[in-house]
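There are 2 protein chains.
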Amino acid sequence: MREHIMQLAINKAWQYQGLTYPNPAVGAVIIYQDRVIALQAHQKAGTSHAEVLALIEAFETLSAQTIDFDRFDAHKAHHFLQNLPKGFFAECSIYITLEPCSHVGKTPSCASLLELLQLKKVVIALKDPIDGHSGGIQRLQKAGVEVEVGVMQKEAQELLEPFLIWQKRAFVLFKLAQTTNGRIGGGYLSSQESLTHVHQMREVCDRLVIGGATVRHDRPTLDCRFSKGKAPNILIYSQQKSFDQEIPLFQIQNREVEVSSNLDFLEKPSFIIIEGGEGMLNTMQTKIDWYLTYQTPKLSTNPLGYSINRELSFLHVNNKGVDMMIWSK
Amino acid sequence: MREHIMQLAINKAWQYQGLTYPNPAVGAVIIYQDRVIALQAHQKAGTSHAEVLALIEAFETLSAQTIDFDRFDAHKAHHFLQNLPKGFFAECSIYITLEPCSHVGKTPSCASLLELLQLKKVVIALKDPIDGHSGGIQRLQKAGVEVEVGVMQKEAQELLEPFLIWQKRAFVLFKLAQTTNGRIGGGYLSSQESLTHVHQMREVCDRLVIGGATVRHDRPTLDCRFSKGKAPNILIYSQQKSFDQEIPLFQIQNREVEVSSNLDFLEKPSFIIIEGGEGMLNTMQTKIDWYLTYQTPKLSTNPLGYSINRELSFLHVNNKGVDMMIWSK
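Quick mapping for you: the protein sequence lines, in order, are chains A and B.
Number 767 in the numbering used here belongs to position 2 of the first sequence; there are no gaps in the numbering.
Number 788 in the numbering used here belongs to position 23 of the second sequence; there are no gaps in the numbering.
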């Protein structure tokens, strides 16, 4: 059962993979008696962590009340939880995919919150592997909380991989949208959910890389209108510097567009998304860490596919509306 | 939590979708205190049902013993369970994706077994929709067992769809193996698990349909060597009746091979698998109920793809070794 519950937390965290940049994707489940009373994930850097969102949801379920403040405001959420009657969560266990943070960053420390709330048990998939980040487990144990570490550790490690990469250099994600028979370039995505997700991902990345040929041919906008966010800075990967400035991507306010064939910037810790087809796949293949393939439930007669030899491994599949999102590397 | 537990049972049942023909795919979970102590599915017609396999596994977990008879022998398994000390499962709940059978067929009735064993609670996703099959719920309720019906009913209904179709006419499954960029015909499947699964599916179907052009070009064997089973009967769909009898599929013992372009046999209740590429997809498109796409984690430069316009919906995805199996319709 511990594994099944942790799997729920891991699956939930995968829904926000990448979107939490520069934070890691983390999920949390709270169990009361034999019920899952909360299932949450960290959604966006600077907002409440997974544990905090789960505790708020657990409070709402147990008290049959709804909180009236912004739950994503970590300071408000911590303050609220710290002031609940002592022992409110005494019969609850929490499952977390990563050791709760013991340091105070943009948000208060989750370990000290859990120490105060004294849940029955804290189950953690993975110790925080970053130097100076760990200490949460020790802190809880010192405070007499029962802590179990290592449930679904391998799966939690895979979930954390982008975070570990973007500490050191660019994490490079190649994004592709295709039909089930592998046709691309037709604006195929069937669900508004996946379109919105593409725009959310663009919004958080440091730079969106696109090939010069695609820019000339497709004349894209590459903004974040579906998520109502700031359009990403663009690197047009091209030897040839001249582009028609009427192409929509040049018309967007508050965005930088650079035309270059220099990839040295990939050495810098960052999150880079490449959008493109066969050409960019071939050009960038040694630079790509992971692929995110949106696969739509359509078969198409569009002749445009992509040809490249590459062995992958599937990391995670989840639904986005009627489409599916395949994470692979 | 009820939904999460039932989802485990549903996912387990999907692993044997089709393989249970002519029986339905059914899954079962047993909970003791807050632990999943058994997770099983019906695997093959004529062998123990999901509930029985789960009860045997639960016995093994609770008693820390291993049974020494064939658990798939339904008569032995029922006999064993009926003779356990009264109240052995009194603290257990069982979750089942389909109402337990109340009639005695090739195997004894599961409803009467559950009536005898008096579990704490029986949770059922879906009432058996077949006339004359239901009655299990009523029987349990009369015996004073707490029964809850309707948890994850929609998902359980989808799981049951092939079974409902093959009661009335042929259930037609189109099988396809492809790379992630939609290339076919290269013998791509990366895992022995998916190859074995293909052969297990062939073994249970009533007839394997294949196009004449594929037979001439690929000279296939179409046997079940990986599952060590009897090779399926073949219908070569072709107007032209003459084939080189040296093609391996004609060399297999104990199989019928028919060459025909008459599809009237699809009106008969049965389970038909079509293997093929673009040609058969186009020819058979109005006859296909579901697709089973084995997608392997490879990108390939093989030019052979398949072009057809078709809107699908994804039903279920599961892993088979490193590959994934996508059920769609």
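Take the hints with a grain of salt, since some may be wrong.
Since the list gives no way to pick one copy over another, a pair counts as held whenever it fits inside one copy or between any two copies.
Derived lysine to any residue pairs resembling SDA-like cross-links, with alpha carbons at most 25 Å apart [what the hints assert, rightly or not]:
1) K919 with E958
2) K885 with M766
3) K886 with I802
4) K1052 with T1066
5) K940 with N1074
6) K885 with E856
7) K851 with K892
8) K841 with G915
9) K919 with S956
10) K919 with N1083
11) K1052 with N1067
12) K919 with Q957
13) K886 with M766
14) K995 with V1082
15) K940 with A908
16) K919 with Q1010
17) K871 with E926
18) K1006 with E856
19) K1094 with T1066
20) K940 with P1068
Everything labelled a hint here was simulated from the structure, so no lab data went into it.
Outcome of the hint check:
For the identical chains of this complex, K919 and E958 are inter-copy neighbours only, at 22 Å across copies versus 29 Å inside a copy, given an alpha-carbon limit of 25 Å. For the identical chains of this complex, K885 and M766 are neighbours both inside a copy (17 Å) and across copies (19 Å), given an alpha-carbon limit of 25 Å. Proximity of K886 to I802 under the C-alpha cut-off of 25 Å is found in both arrangements, the shortest distances being 15 Å within a copy and 21 Å between copies. For a Cα distance limit of 25 Å, the shortest separation of K1052 from T1066 across copies, 20 Å, qualifies, whereas the shortest one inside one copy, 31 Å, does not.
In this assembly of identical chains, the alpha carbons of K940 and N1074 lie at most 25 Å apart whether taken from the same copy (17 Å) or from different copies (24 Å). Taking the shortest Cα distances, K885 and E856 sit within 25 Å of each other both inside one copy (6 Å) and across copies (23 Å). In the homo-oligomer, the alpha carbons of K851 and K892 never lie at most 25 Å apart, since the shortest distance is 28 Å inside one protomer and 45 Å across protomers. In the homo-oligomer, the alpha carbons of K841 and G915 never lie at most 25 Å apart, since the shortest distance is 31 Å inside one protomer and 39 Å across protomers.
When the C-alpha separation of K919 and S956 is checked against a cutoff of 25 Å, the pair qualifies only between copies, where the shortest distance is 21 Å, while the shortest distance within a copy is 32 Å. Taking the closest pair of Cα atoms, K919 and N1083 come within 25 Å of each other both inside a single copy (19 Å) and across two copies (19 Å). Taking the shortest Cα distances, K1052 and N1067 sit within 25 Å of each other only across copies (23 Å), while inside one copy they are farther apart (28 Å). In this assembly of identical chains, the alpha carbons of K919 and Q957 lie at most 25 Å apart only when taken from different copies (23 Å versus 33 Å within one copy).
For the identical chains of this complex, K886 and M766 are neighbours both inside a copy (14 Å) and across copies (18 Å), given an alpha-carbon limit of 25 Å. In this assembly of identical chains, K995 and V1082 lie within 25 Å of each other by CA distance neither inside one copy nor across copies; the values are 27 Å within and 34 Å between. Taking CA atoms no more than 25 Å apart as the test, K940 paired with A908 passes in neither setting, with 45 Å inside one copy and 57 Å between copies. In this assembly of identical chains, the alpha carbons of K919 and Q1010 never lie at most 25 Å apart, being 48 Å within a copy and 52 Å across copies at closest.
Taking identical chains as interchangeable, the C-alpha atoms of K871 and E926 lie at most 25 Å apart only when both belong to the same chain, with a minimum of 22 Å there against 51 Å between chains. Taking the closest pair of Cα atoms, K1006 and E856 never come within 25 Å of each other, the shortest separation being 64 Å inside a single copy and 73 Å across copies. In this assembly of identical chains, the alpha carbons of K1094 and T1066 lie at most 25 Å apart only when taken from different copies (18 Å versus 28 Å within one copy). In this homomeric assembly, K940 and P1068 come within 25 Å of each other (Cα to Cα) both inside a single copy, at 20 Å, and across copies, at 22 Å.
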